Amino acid sequence: MLLAKLSEASGISGQEGEIRATIRNEIAPYVDEIKIDPIGNLVALKRGRTGKARVMLAAHMDEVGLMVVGFESNGLLHVDSVGGVDPRVLVSKMVYVGRNKLPGVIGSKPIHLLEREDMDRATKMDALLVDIGAKNKEDAEKLVKLGDPVVFATKCEPLGDGFMKGKAFDDRVGCCAIIEALKVQHDFDLYGAFTVQEEVGLRGAGVAAFQIEPDLAIVLEGTTAHDVPETPEHSVSTVPGKGPAIVYMDRSWVGDKRIIDRLVETAEAASVPYQFKRTVTGGTDAGRIGLTREGIPAAVVSMPCRFIHSPVSVINLSDFENYVKLAGLFLDSLDERGLPIDEGSCKKTN
Amino acid sequence: MKDLVKRLTEAYGPSGSEDKVREIIKAEVEKFADEIRVDSLGNLICRVAPKSPADGSDPKRIMVAAHMDEIGVLVSYIDDKGFLRFSPVGGLSPYVLLGQKVIFENGTVGVFGTEKLEDMKSLAFDKMFIDIGASSKDEAEKKVRVGDSAVILREFSDLGDRVTSKTMDNRISCAVVIEAIKSVRPERHEAYFVFTVQEELGLRGAKAAAYGINPDVGIAVDVTTWGDTPECAPFNVVLGKGVAIKAKDSSVIAHPKVKNLMIDVAEKKGILYQMEVLERGGTDAGAIHLTREGVPSGTISIPCRYVHTPCEMVDMRDVDAATRLLVGVVEELASSSGGGIL
Amino acid sequence: MANTKKVCGPGAVGQGRHLMGAERGRVMDTKQAILRLADARGVTGYESPAGDVVTALFADIVDEVRRDSLGSVIMLKRGASPKPSAKIMVAAHVDEIGMIVSKIEDEGFLQVRMMGGVDRRILPSMEVTVHGRRDISGVIGAIPPHLQDPKDKDKSWKWEELVVDCGMSAERLRELVRVGDVVSFDRTGVELANDRISGKSMDDRAGVAVMYECAVELQKLKHDCDVYFVATVQEEVGYGGSITSTYGITPDIGIAIDVGHGDMPGLPEHHTLKLGGGPAISYGPHVHPHIFSKLKEIAEERGIAYQVEAGTSPRGTDAYAMQMTRSGVATGLISVPLRYMHTSVETLSVEDVKKSGQLLAFFASAVDSRFREGLTCF
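Residue numbers (the numbering used here), protein chains in the order written: chain H, 1 to 350; chain F, 1001 to 1342; chain A, 2001 to 2378.
Think of the hints as simulated: they come from the structure by calculation, not from any bench. It is possible that some hints are incorrect.
Calculated pairs, EDC-like style, for lysine to aspartate or glutamate (alpha carbon to alpha carbon, straight line, at most 20 Å) [claimed, not checked]:
(1) F:K1241 to F:D1161
(2) F:K1137 to F:D1228
(3) H:K124 to A:E2161
(4) F:K1241 to A:E2300
(5) A:K2087 to F:E1023
(6) A:K2103 to A:E2175
(7) H:K242 to F:E1141
(8) A:K2103 to F:E1023
(9) F:K1257 to A:D2068
(10) H:K5 to H:E321
(11) H:K257 to F:E1035
(12) H:K137 to A:E2269
(13) H:K155 to H:E141
(14) H:K183 to H:E72
(15) A:K2274 to H:E230
(16) F:K1142 to H:E265
(17) H:K52 to H:E265
(18) H:K257 to F:E1231
(19) F:K1116 to H:E321
(20) H:K242 to F:D1138
(21) H:K5 to H:E18
(22) F:K1241 to A:E2175
(23) F:K1051 to F:E1035
(24) H:K142 to A:E2161
(25) A:K2103 to A:E2161
(26) A:K2274 to H:E72
(27) F:K1137 to H:E233
(28) F:K1127 to H:E141
Per label pair, the in silico range of CB-to-CB distance [what the hints assert, rightly or not]:
(29) H:E230 to A:L2267: 39 to 45 Å
(30) A:V2065 to F:K1268: 30 to 36 Å
(31) A:R2174 to F:Q1100: 40 to 46 Å
(32) A:P2150 to F:S1122: 34 to 40 Å
(33) A:S2125 to F:S1337: 43 to 49 Å
(34) A:P2268 to H:V105: 32 to 38 Å
(35) A:R2174 to F:C1232: 19 to 25 Å
(36) H:K109 to A:D2165: 51 to 57 Å
(37) A:G2167 to H:T123: 49 to 55 Å
(38) F:G1056 to A:V2139: 53 to 59 Å
Only a predicted model underlies this, so the values are computations on that prediction, with no experimental measurement involved. We put the CB at the ideal spot given by N, CA and C, even for glycine.
Generate coordinates for the entire structure from the input sequences, incorporating the hints supplied.
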């Protein structure tokens, strides 16, 4: 399954090599041009029948993870987080280190040797060490290098009734949706931008948008879905099972209303379930794309994912189906009805 | 002028939904600008052409920015009983909302309520809601939708030399810029007066507008905080001592040439002024100065008490000084000397 | 020159060079250059005086010097070929942290606030210069122990308490100083043992000195690429100078030269660099992998001792800003190990600066069109 392949591929911010190659192979048969820019964004162009407009879909390839930043004399590796990783989720987990994906573990002090207070205290990043089985520092240095990526060793597999578990659904779900979209021919030029370094500051998307200069952009993201017990309804952000989430506003961007209206109309006309994100937390690539050059009309559609930014996230498969469907239907509507921004207020008024 | 200030401050225009206030401003300046356009983010851009541009070379561009958006709240969820949950739009404190009324774009009015709190210190936005008097979700949805924004409902009051209203930040500066458009006469270079959007969300409108205009110098007009009420945080700027010339804030260090030009113009024209160093806070100049290859920029500030509350207060004499300084600086920049900068 | 490579190999530092032909005149040796640059005044936003020192220093060894509208000094050294293989931009920031006058108290003291990340704990007993209508000296006094409240002993003084005494009345002060004037630290750099020096603003005048070393080395090396040395402004308050100068230059490659935390007790070893251990070549999201590899390869080829600094956050240097300009720039970062960063006794090893400059020069001379084209092959 494509999503599983993408989820298991590795690519921490700044070292997106494997996922980039994986995506490239998937899209090659369907697109007219593939370009990689100096910072690693992968931009694919599928030319339109008339090519009178330029539409950009964006999803980030990078995932949060860790990086090797030092060696202990006994061969254990010091790591630091790349992107927002809560150190508390790392204890007692398995990882892969480096390009060759050497297996490693993040252990912790055995419970027998802990003070009572330690058990209530969070483990800090400095105390978390990765063990790849090296005998000592020299041995470790032969096996891995400073700067090597460390990714979670999570298999992407079905879970329960209609759910899926895996790592990096944020934002491999978006990448998957764009790959599906690139298989369909439209009137307009469709740019699929698989961006880098979103998790370390929304870094890649603006660069891609600067190059593409689209008329309109949709960011396909993965977002929090915290419908766990003891969370009040309104703080839940999104709810798995209620469909893809349209985002009115987050920390980085106010969604273009014209685009949001079109998304809603499209979903309603095709009876595709959808929801609105209930919190304004988080930032996305739209924050950078939207402010590129003279501004680009942009909006975000997000896939509800439980437990993002941890070794295991969970998604609802029917949400995923509807997420991909909504993106496709929206693009179809651009052929049928034109771009929603053409109906807008960006005209000379004097 | 007070009437203009009243209309502008009472207008609806939260960050991201500035259409209504933009229409009001447009109506004020239409007759005075040579060209008006609205860009894709919603910025209102008014160009005033030079009287006698130099032959053989393109006129340089002066960009003046005043943001027209205000802080507010956005409905993020409607519960079964018709209560609205919301998120803040811009830098708002939950304490400032207690006991306030809000108004939506379509005129619907609501009030704030809170959940039971053990301790006032634990007040937070997710413990509050808006009550529009509906008894069910369906009833509420007839008037308000998720994604709608609201602003504080508060009328303007004339206290004499001083006036108070919501949203002096930044409609008072919009009033100043409107007055400037009406009276400015740039000689050799063109002036772009931009009423920007989404400043309260991170100087967003100005960034896009500046890229499009590609100015040679930038001036933001905004309010700044105050240092003259009982036991307030120490600050050099006070009401009634004139327009403030900003040396620095957390978004920009005023270009020394622009800062000095403002001081020179103020002294030459006998405009009362004070110098300002703001530790925390930013203006559109923060976005303008980093455009393309860089734009020397500065900010003209209007001293304002109780910023980001429903009752912001300014002194009209400072406002008048700000208008005169803005016109003086733009005309100096647009003159053949280019203010020593162009 | 044909045999340039052999003579300028590892170990051939110093006297030998002065006997070679096409040199255009070396004004200063490394140590003197660092001290000259570090002592200059240039508080962030007000970098002019330091910019003037940079211009004077580089004038004879580059082809063109100009300042952009925010004040960054852009110095171009053209490559040998009329069609340069690539445009390399090297950036070191010329601004230093300092303070700004925020209020003139009636008692004749100045209130100040930070310009850039000033740790206020260094301020008591600091001597400063207030750049008003003219430069005037001031001291930030410290309350003597006799007058202190014992329970405050463990707290650091607040900004409001750290006033500047210029020995003048408020009236006199108001004639000479305005709110908004900047204040810089008084410190003349000093030589310590083992070719180490200490002073203010080594962050990042040491980086500018690295660029100087590089420019001097490039007199003797053939390079096909155009090299832009940029002394950027306002790095300490948000990289404004590198954002805007990179936009204007549109380089293919951007190398930032900054400082990295030198080793000292209390800091985890893997988060610091060794003084004397040579330039630190950075790795992380802010660095293009090919540039990292190339710098490492050249250091090894040339026998230049180096360290690797793996960083997970792209922030903190001009590389952060250069990388995301326009359609993207392939970036690299070289750091000079520096102890006590953001104090006025920043300490480094002169040898690290020299080696960083040489590494950079060899890198520039190795960049050809094939390397540039390969930057988009990940």
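Status of each hint after checking the structure:
no.: 1; hint: F:K1241 to F:D1161; verdict: holds (12 Å)
no.: 2; hint: F:K1137 to F:D1228; verdict: violated (47 Å)
no.: 3; hint: H:K124 to A:E2161; verdict: violated (35 Å)
no.: 4; hint: F:K1241 to A:E2300; verdict: violated (65 Å)
no.: 5; hint: A:K2087 to F:E1023; verdict: violated (48 Å)
no.: 6; hint: A:K2103 to A:E2175; verdict: holds (14 Å)
no.: 7; hint: H:K242 to F:E1141; verdict: holds (19 Å)
no.: 8; hint: A:K2103 to F:E1023; verdict: violated (41 Å)
no.: 9; hint: F:K1257 to A:D2068; verdict: holds (14 Å)
no.: 10; hint: H:K5 to H:E321; verdict: holds (17 Å)
no.: 11; hint: H:K257 to F:E1035; verdict: violated (26 Å)
no.: 12; hint: H:K137 to A:E2269; verdict: holds (14 Å)
no.: 13; hint: H:K155 to H:E141; verdict: violated (28 Å)
no.: 14; hint: H:K183 to H:E72; verdict: violated (49 Å)
no.: 15; hint: A:K2274 to H:E230; verdict: violated (50 Å)
no.: 16; hint: F:K1142 to H:E265; verdict: holds (18 Å)
no.: 17; hint: H:K52 to H:E265; verdict: violated (23 Å)
no.: 18; hint: H:K257 to F:E1231; verdict: violated (44 Å)
no.: 19; hint: F:K1116 to H:E321; verdict: violated (41 Å)
no.: 20; hint: H:K242 to F:D1138; verdict: holds (19 Å)
no.: 21; hint: H:K5 to H:E18; verdict: holds (11 Å)
no.: 22; hint: F:K1241 to A:E2175; verdict: holds (18 Å)
no.: 23; hint: F:K1051 to F:E1035; verdict: holds (14 Å)
no.: 24; hint: H:K142 to A:E2161; verdict: violated (54 Å)
no.: 25; hint: A:K2103 to A:E2161; verdict: holds (12 Å)
no.: 26; hint: A:K2274 to H:E72; verdict: holds (17 Å)
no.: 27; hint: F:K1137 to H:E233; verdict: holds (14 Å)
no.: 28; hint: F:K1127 to H:E141; verdict: violated (52 Å)
no.: 29; hint: H:E230 to A:L2267: 39 to 45 Å; verdict: holds (40 Å)
no.: 30; hint: A:V2065 to F:K1268: 30 to 36 Å; verdict: holds (34 Å)
no.: 31; hint: A:R2174 to F:Q1100: 40 to 46 Å; verdict: holds (42 Å)
no.: 32; hint: A:P2150 to F:S1122: 34 to 40 Å; verdict: holds (35 Å)
no.: 33; hint: A:S2125 to F:S1337: 43 to 49 Å; verdict: holds (46 Å)
no.: 34; hint: A:P2268 to H:V105: 32 to 38 Å; verdict: violated (21 Å)
no.: 35; hint: A:R2174 to F:C1232: 19 to 25 Å; verdict: holds (22 Å)
no.: 36; hint: H:K109 to A:D2165: 51 to 57 Å; verdict: holds (53 Å)
no.: 37; hint: A:G2167 to H:T123: 49 to 55 Å; verdict: holds (54 Å)
no.: 38; hint: F:G1056 to A:V2139: 53 to 59 Å; verdict: holds (55 Å)
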